[in-house]
Every structure is written in C-alpha cells, then in structure tokens.
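Number of protein chains: 2
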Amino acid sequence: MQTSKIIKTAFLKSALTEENPHISTSAVIDWLKERNNAIKVHVNKIRFDQMKHWAFDQNRGLLGHSSGKFFTIEGMNVKTNWGKVPEWEQPIINQPEVGYLGIITKEFNGILYFLLQAKIEPGNVNNVQLSPTLQATRSNYTQVHKGKKPMYLEYFQNASKDQVVLDQLQSEQGARFLRKRNRNIIIKIEEDIEVHEDFIWLSLGQIKKLIRHDNLVNMDTRTVISGISYENKNLSIQLNDFLTDVLINNTFETGMILSALNNSYSMHSFDQILNWITALKCSFDLEISSKSIYEIKDWYVEDKEIRHAKNKYFKVIATEVEIENREVTSWTQPLVEPLQEGLIAFIVKKINGVYHFLVQAKLECGNFDIIEMAPTVQCLTDSYSESVFLPFLSDVLNPKPGSVRFDSLQSEEGGRFYREQNRNIIIEADDEFPIEVPPNYIWVTLNQLNAFLKFNNYLNIQSRSLISAISFL
Amino acid sequence: MQTSKIIKTAFLKSALTEENPHISTSAVIDWLKERNNAIKVHVNKIRFDQMKHWAFDQNRGLLGHSSGKFFTIEGMNVKTNWGKVPEWEQPIINQPEVGYLGIITKEFNGILYFLLQAKIEPGNVNNVQLSPTLQATRSNYTQVHKGKKPMYLEYFQNASKDQVVLDQLQSEQGARFLRKRNRNIIIKIEEDIEVHEDFIWLSLGQIKKLIRHDNLVNMDTRTVISGISYENKNLSIQLNDFLTDVLINNTFETGMILSALNNSYSMHSFDQILNWITALKCSFDLEISSKSIYEIKDWYVEDKEIRHAKNKYFKVIATEVEIENREVTSWTQPLVEPLQEGLIAFIVKKINGVYHFLVQAKLECGNFDIIEMAPTVQCLTDSYSESVFLPFLSDVLNPKPGSVRFDSLQSEEGGRFYREQNRNIIIEADDEFPIEVPPNYIWVTLNQLNAFLKFNNYLNIQSRSLISAISFL
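As they're listed, the protein sequences go chains A and B.
Counted the way the numbering used here counts, the first sequence spans residues 1 to 473.
Counted the way the numbering used here counts, the second sequence spans residues 1 to 473.
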C-alpha cells in the first residue's frame, strides 16, 4: 500500500513539473526538428510480390511473414446488433503476440523523469517521434528478425515486484486490430543507468506539454502515460504545499487536477458506471469469424493494394522502407493506409464543481470484450461529410468561442499505419450543455477514468490518447 | 455514491441475519427435502439419434439444436505454453449467449431478503435446489422453446438504474465452456411483489448457512451472491452497533468480516495484485481453434456418448428427461457427465492480523482472458490418485486437526452437467504455514477479492463458489 501512495505522489509531482536539469521542453522540440531534418525516410509503395519474406498464403487466405511471426492481414466477417450495419466484412491485422510498451523512470532531485527515445517509424507523418524506452513485439525481443536485442529490455525482464509501478494490458484500435493488446509497463529504478544516444529524460509535465504539438509524441508513449493514476486520499504534506500553489488559480488545468484526485462529487458512483457498461455488453452481440482475404465482400486484393470497392476506410499497401542515416537500412513490410483523417474529441463539463468527461460506449469489430469506453466523438472525417447524424459532432466542429481546451494532430502507430493521424480535441461545455445524454453515453470524472484504466479493455486507445493529453500545467 | 454505501450496509446486515419472519433456516431444509421426495426426475440415457431437435451437423462437425440456439458441443484444439501439456483437443460447450442470473431483493423490517426459487434441473444430484429468482438464457427469455415467459423477467428488464445494485459479467467453468459468461444481477425493489409457488424470501445469512449443507444451493445462486461486496469505510452508526456485538468474539467468522471490510493491512496492494496477474497474462499464451467434433484427437463420437480414449475427464451424453409432478414434462438434451469428482479448496491464513486467501492463477482453455484467479487447489480427484504433485494438495487432503472451516459437496449447473459435484473446502492454516508461495500464487484479502469480483473475468467460478460459502455467522 505504502508503495502505491508514494508512486502516485511521485507521478503527480512529475506531472506538475516542467523544469528539467537534463533538457528544456523547447530544446526537445528543436532537437526533434533537427533529428527529423537529418534523417531521411523513404517509403516506396511496391507490389505485394516485390516484398521480401512477406507473401500471400493462398490456402489460408492471408498475407503473412515467412517466419509465421510478426502479424498477418486476414479477412473477417462481422455480425452485430449494434449500430445500423448488421453485417460486414473487412481486412484486419491479426497480431496475437503481446508486445512491451515500457518506460523506465528515475528520480532526480526528488522529481520523477521518464526515459524516452527519439525513434523512427516508417509510417510516421514526420520521421522521428518520442517513443517509450522499450517498444518491442515478442518477435522483436525473441529476435526473430535476427537483429540486435532491444535496448533496455533486460531492465523490464528483471524488474522486481517493487520496481513495477504500472502494468496494464491495453487494447489497440478495435477497427483495425483483432483483439490486439500491449503490455503497458512503467518501472522505477534507483541505480544509475546509461543513457544511450537518442534517449532523453523528461518529466511527465514536459511530455504533456509536448503532446500539445502535432505529432511529436507517438501513440505508444501516449497510451503508457494515459494509464497513470494520481488518486491519493492522504496526500503528503510536501505535495499539499505543491498543490496549494497550483490550485490557487481556478483554471482548466487546476480543475483537471481536482477531477483526477477527487473521488467524491461524481455524478455516478463507480459501481453505477460498471453496471452501465455491463448492461450494454449483455445487450449487444459481436460475432466475428475469419474468412479468406480473397473472399471478403466489397474488398479487392490487387497487385499493390487491398482496397474497398468504394475506396473508403483504408487500404493495405506493400512498402519498401529505406532509412538514410549514418548507415542505410532497408526492409519491406505491409502498412495500413487510411483514406480519411479521423477526429476524436472529449466534451468535458463541470458537474457538482468537478470536471466530468462525456464517455461513449462503442462496439468495434476487433474489441477484446465487445464494448469499450470511447471519446464523446470518434469518427472518420468522411462520416460527417456524408451528413450522417453523429451525436455531439456539431458541438465539436462548431465549438463556442473560447471553449477549445486542446486541439492537435496525433499519429497512430507508425510501425503499422502509413501516415495516419487523428485530430485530438477537448472541448469544455458550458452550463447550457445538457446533462441528460443518450443511453450509450455517460459522464465520468478523470479519477473514475483512471480507476477503469487499471483494468484491461475498459478504455479504448482513442480515449487514452486524449487522456494522455490532459495537462495539469 | 450514497446508494452504493446504503446497499453495502444492507448486504452486510443481511449477511449477519438469520432471523426471518417468512421461513426459518431449518424449515427451508425440511421444505427442500419434502420437495425432493415429492418430485421424481428421471434422466434416461438415450442414443444421440433418439434426441428430438438435437442432432449432429456432419458438415460443421458439431452437436446442436435445430433452432440454432441454446448451445452446441464442438471440438477444440488447444495450444499453450502453460503447464506440462503443450497441446490437446477436447469437446467444449459453446453457448455464446449471455444469460441472466438474477435475484430480486427487498427489505422487510430493515433487513434485506433475497427471493430464491426451489428449482428442478435435470442434472442435479438431488432434484431440487435453491436457484436465483431468474435463471434464463436469451433463448429462454426470447422464447425459442415456445414455453412460458420466465417469471419475474420483467422486473429485470424494467429495472431502473437505482434498482440495480449488482451487475457483473462472470465466467463459467473454463475447462468445459468456451468463453461463456452470465450476467449476474441483483435488483432491489420497494413495491409489493407476488411470491409465486416455490419461491421464498431468505436473508443472506440464511443462504450462507444453507450452503454448509450438501447440494441445497445451486451454482447460479452461489455465483450471484459471491459478487456481493461489503466494503464500507463509513459504516453507519446502526451497523456499528451491529458489529460491536458480533466482533466481540474472536472467531473465524468475525475474522472474515474484518477481512471483507478492511482495506488496510493487506500483504499486497491492489495494484500489486493487478501487476501480478497482468505479468502472467503476458507470459502465457492460449491459442484455441475450433475443429470438427469427429476429428479431435483421443476422443470418440459413439452412439450414446462422446468419450475420451482413456474414459477420463468427462463424457457428453444424450438424455431424455422426465419430470413427474402434477403434470408430466419431458424433453431430450445433451448433458456433460463428469468421470471424476472434483476438489476445490482455499487455504486461508491470518497475515498482519487479517485473513488472506491463497489464490492461484490458472489458465483454462475456455477462459475469456487467458488466466483467472482460482482457489488454492482445484483438481479432479483423479489427479491426486495419479500421484502427480500438486502444490498444497496434501495440506488440503491431510488437514491439521481443527483447521477445516468449511467442507461440503456443491453441484455444478444442473442444466448442463449430469450429477456433477465438487467437494468445497476451506482450511485455516496456522503460523507454521509458509508465507512464501510459488510465483503463480498470491495472498489476497476478502476485501480485495470482492474488489476484483466487480470486474469481468478475474475470479473463476470455482473461487466464487467458495467465496459464496464464507459465512459471517
């Protein structure tokens, strides 16, 4: 118990800190720009039959790697009583291995810093983004690709029970991945550690500041830090001093601290929210079955891409990746290329004096457990050009003056997605905004969201991306 | 929040109450005996081809109902790096529908009573057991069998948010069912309600007393009441009076109340337990694929049964069921017949003055999420006749004098299993019993177990059966 309290205090202090003896926030931005200019990444679209080690398996009806590892692109049939489309078919990424997304943390002068890496991913919009200390699939770290052992892997493999301060199995995009989960893990070390090239120490406050900029912090870093919980009923005296200074101003950020720490004054009890999601899981079915990629309805496997008949949603492409750095590295791999930009947004509102997030229950075909909690709005830009009615979309697209609290473009995982980015928005609703919402929406405090995040498969990756952006500074 | 506190207090008071203005505990036992004598249930084993509406589908390789509803018996291939058997095949029950296991509760003279039904199930060892108010698959309540609408269904379908005081998706036997879950739900009503024949009001204390007897309380009732949480930091004054009387004696039962209410003095923090199970889920794989029932290795589909080559584990049989009551009712259905009796046991021990349960992480092939928390010992009796070493089995089979706190036979669900019962044991370990345990075991308080029970798929049905037996009286 004691350990839990200490680490929650340490996380909160780090989130409230932007000072850094190692590197300032603006220096990080400059350094990333410089790295981006220095490194050239060429992603050439090629034919599927030009890929090395990757090929279609005609019998099993899928696209896979010759080792049988990494991931496959498969066909899937989906049946559900959720939404307006009772049945459809689509390609999906099947990657049953649980990968590590791990961050090493260490205290310097009483403040916790996070070891992040400037990492190149082929699909990134810009080349280099800040990634966790360790980002490795099991194929990576069991060295199927015969490459080097990932750096810092041994710290995670040998971590003692007390060093592990966060350990969560979290989902990826349910519309693209079949029940994919990653192990989000944070460890805290005491000993000195070698900081390799391209790695830097950042406070949590700095990371959250950097997320305000487009495409600097990658999805993997965002999902790991989204899982951090700050709740602490017995704040240490030291932290109380900290908070008194901060809370003196009645800003959006201080309101967010209260929403994160406060476990009273919530509109619904935690059990009521659990009951709400249980009832939805019992009412809606999700039946999926695998199918040959050649036989899925409305999709075509062509020489260079797997695409939808209407050229909508996304396509699967074959790529040759070349990274020009000190040495040239190249490989081929499939990537998923989106055909529309996405929009994810939370509407937040003060209820009983505490900020509540308007959460949507959402069924996606690759979900591990039918329904996950999603942002208020989660859609492809196409959805709104088609004049389909989406609840709360107009509130997000036509925000009242001064109500936008966060607005930036954030990338999806560059190892699987080709230049995919979503607009991330947080809007503060005013008193006029109704408290009554449709049955698959519910108001939840940040403290309650943090509590759900400890458990597998309650919050989807889009909601976690937005939560990672909540800054207390 | 307020509602949560009130209901937790009400649950605790009911658990501490054996008085009942409606019916005494001994009268319930007599009444059940009488019902059991009055009702004759004949279960005749027949050939599969003698069943009505049930038949093998040669193409799909399964045994199913002509409506496509209810459940199917399918073949399954299992691969895992857990345990000593890396691959096997077996039949499994596939019942994707989520069913209702629901109990109506109501206060009389300030005490909460539970509406239970004396219900006949074909597979029951004795015929009649106490089941929840409502026990219905979706096929039941959408009336696929063209029968009557289940009694009291409308109370659950129309329950308001405030009436629902427990709502959990809980797993069934992972070795027999493919990812099966039921909706465990308790509602609390204020209005008068008609009590139909065969239904009675019982306090939670009475139900737990009845579980001390063999095969009186069915599995469905046990799983629903196991989910009840009592934690309450701000006990009402009224309840404090209650507790002062009770806690004056330092008994096993009062120790259990403390273990349920206390959320300090636990050996591991809740987060540490979460980290422990996350790490295990990341280390162990469970890969299942469906296969024709005719092609699974070591299993034979014969005229009257599907059996293992060594006649071990279980067999699937075809039955004709006849219930002789006021009117004769009969139908045919498959049932699963165990070939060995099972044993499930928790070892509990006072650590830091609070009772802790020795929990085992267990992978079973039909688990929804790879690993669930299981009792200290969970095995078929055969496993120990074969002199396979099972941790803690000898502690349970050769208990120290005076250390057995609970020992009775409990049935599995009689709608699917033919006369299957498990011996349920709780042993109190003394000071000599080691605190250090193997890596897939962990000490957990009752309060912590209750907290995990709120979430899907953390505690398996065997551990829940034992938790339901924990009496505070």
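If you are wondering where the hints come from, they were derived from the structure by calculation, not from laboratory data.
It is possible that some hints are incorrect.
Which bits of chain A does chain B cover? Going by a derived footprint, with three or more residues having C-beta under 8 Å, they are [as the list claims (entries may be wrong)]: (1) 196-208; (2) 213-222; (3) 461-472.
In silico DSS-like links for lysine-lysine, alpha-carbon gap of 25 Å or less [said to hold, decoys possible]: (4) B:Lys84 - B:Lys304; (5) B:Lys454 - A:Lys5; (6) B:Lys161 - B:Lys349; (7) A:Lys161 - B:Lys350; (8) B:Lys310 - B:Lys84; (9) B:Lys5 - A:Lys454; (10) A:Lys79 - B:Lys161; (11) B:Lys350 - B:Lys84; (12) B:Lys304 - A:Lys69; (13) A:Lys454 - A:Lys161; (14) A:Lys161 - B:Lys349; (15) A:Lys291 - B:Lys79; (16) B:Lys349 - A:Lys291; (17) A:Lys349 - A:Lys69; (18) B:Lys297 - A:Lys79; (19) B:Lys79 - A:Lys69; (20) B:Lys161 - A:Lys350; (21) B:Lys350 - B:Lys45; (22) B:Lys310 - B:Lys79; (23) A:Lys349 - B:Lys161; (24) B:Lys454 - B:Lys291; (25) A:Lys291 - B:Lys69; (26) B:Lys69 - A:Lys84; (27) A:Lys454 - B:Lys454; (28) A:Lys304 - A:Lys45; (29) A:Lys40 - A:Lys106.
So the derived label-pair ranges between C-beta atoms look like this [claimed, not checked]: (30) B:Asn325 - A:Tyr294: 50 to 60 Å; (31) B:Asp198 - A:Pro439: 26 to 36 Å; (32) B:Glu197 - A:Ser289: 40 to 50 Å.
All C-beta atoms in this analysis are idealised placements derived from N, C-alpha and C, irrespective of residue type, glycine included.
Each hint tested on the structure:
1. 196-208: violated (count 0)
2. 213-222: violated (count 0)
3. 461-472: violated (count 0)
4. B:Lys84 - B:Lys304: With a Cα-Cα distance of about 32 Å, the restraint between B:Lys84 and B:Lys304 is violated, given a limit of 25 Å.
5. B:Lys454 - A:Lys5: Answer holds: B:Lys454 to A:Lys5 is near 23 Å, not above 25 Å.
6. B:Lys161 - B:Lys349: violated, 38 Å
7. A:Lys161 - B:Lys350: holds, 22 Å
8. B:Lys310 - B:Lys84: With a Cα-Cα distance of about 19 Å, the restraint between B:Lys310 and B:Lys84 holds, given a limit of 25 Å.
9. B:Lys5 - A:Lys454: With Cα atoms ~23 Å apart, B:Lys5 and A:Lys454 stay inside 25 Å; holds.
10. A:Lys79 - B:Lys161: Given pair A:Lys79, B:Lys161 is violated - Cα atoms ~29 Å apart, limit 25 Å.
11. B:Lys350 - B:Lys84: At roughly 33 Å apart (the allowed maximum being 25 Å), B:Lys84 and B:Lys350 break the hint.
12. B:Lys304 - A:Lys69: Given pair B:Lys304, A:Lys69 is violated - Cα atoms ~43 Å apart, limit 25 Å.
13. A:Lys454 - A:Lys161: holds, 17 Å
14. A:Lys161 - B:Lys349: Between A:Lys161 and B:Lys349 the Cα gap is close to 22 Å, so the pair holds against 25 Å.
15. A:Lys291 - B:Lys79: Holds. A:Lys291 to B:Lys79 sits at ~21 Å (cutoff 25 Å).
16. B:Lys349 - A:Lys291: The given pair, whose Cα atoms are some 51 Å apart, is violated under the 25 Å limit.
17. A:Lys349 - A:Lys69: Not OK: A:Lys349 and A:Lys69 at ~45 Å, beyond 25 Å, violated.
18. B:Lys297 - A:Lys79: violated, 31 Å
19. B:Lys79 - A:Lys69: holds, 16 Å
20. B:Lys161 - A:Lys350: holds, 22 Å
21. B:Lys350 - B:Lys45: violated, 48 Å
22. B:Lys310 - B:Lys79: holds, 21 Å
23. A:Lys349 - B:Lys161: Between A:Lys349 and B:Lys161 the Cα gap is close to 22 Å, so the pair holds against 25 Å.
24. B:Lys454 - B:Lys291: Roughly 34 Å separates the two Cα atoms, so the pair is violated.
25. A:Lys291 - B:Lys69: holds, 23 Å
26. B:Lys69 - A:Lys84: Within the cut-off at roughly 23 Å; holds.
27. A:Lys454 - B:Lys454: This hinted pair holds, its Cα atoms lying about 13 Å apart.
28. A:Lys304 - A:Lys45: Satisfied, since the Cα-Cα distance of roughly 8 Å is no more than 25 Å.
29. A:Lys40 - A:Lys106: violated, 33 Å
30. B:Asn325 - A:Tyr294: 50 to 60 Å: This hint holds: roughly 57 Å between Cβ atoms.
31. B:Asp198 - A:Pro439: 26 to 36 Å: holds, 35 Å
32. B:Glu197 - A:Ser289: 40 to 50 Å: holds, 44 Å
Violated hints, in rising order: 1, 2, 3, 4, 6, 10, 11, 12, 16, 17, 18, 21, 24, 29; the structure is consistent with all others.
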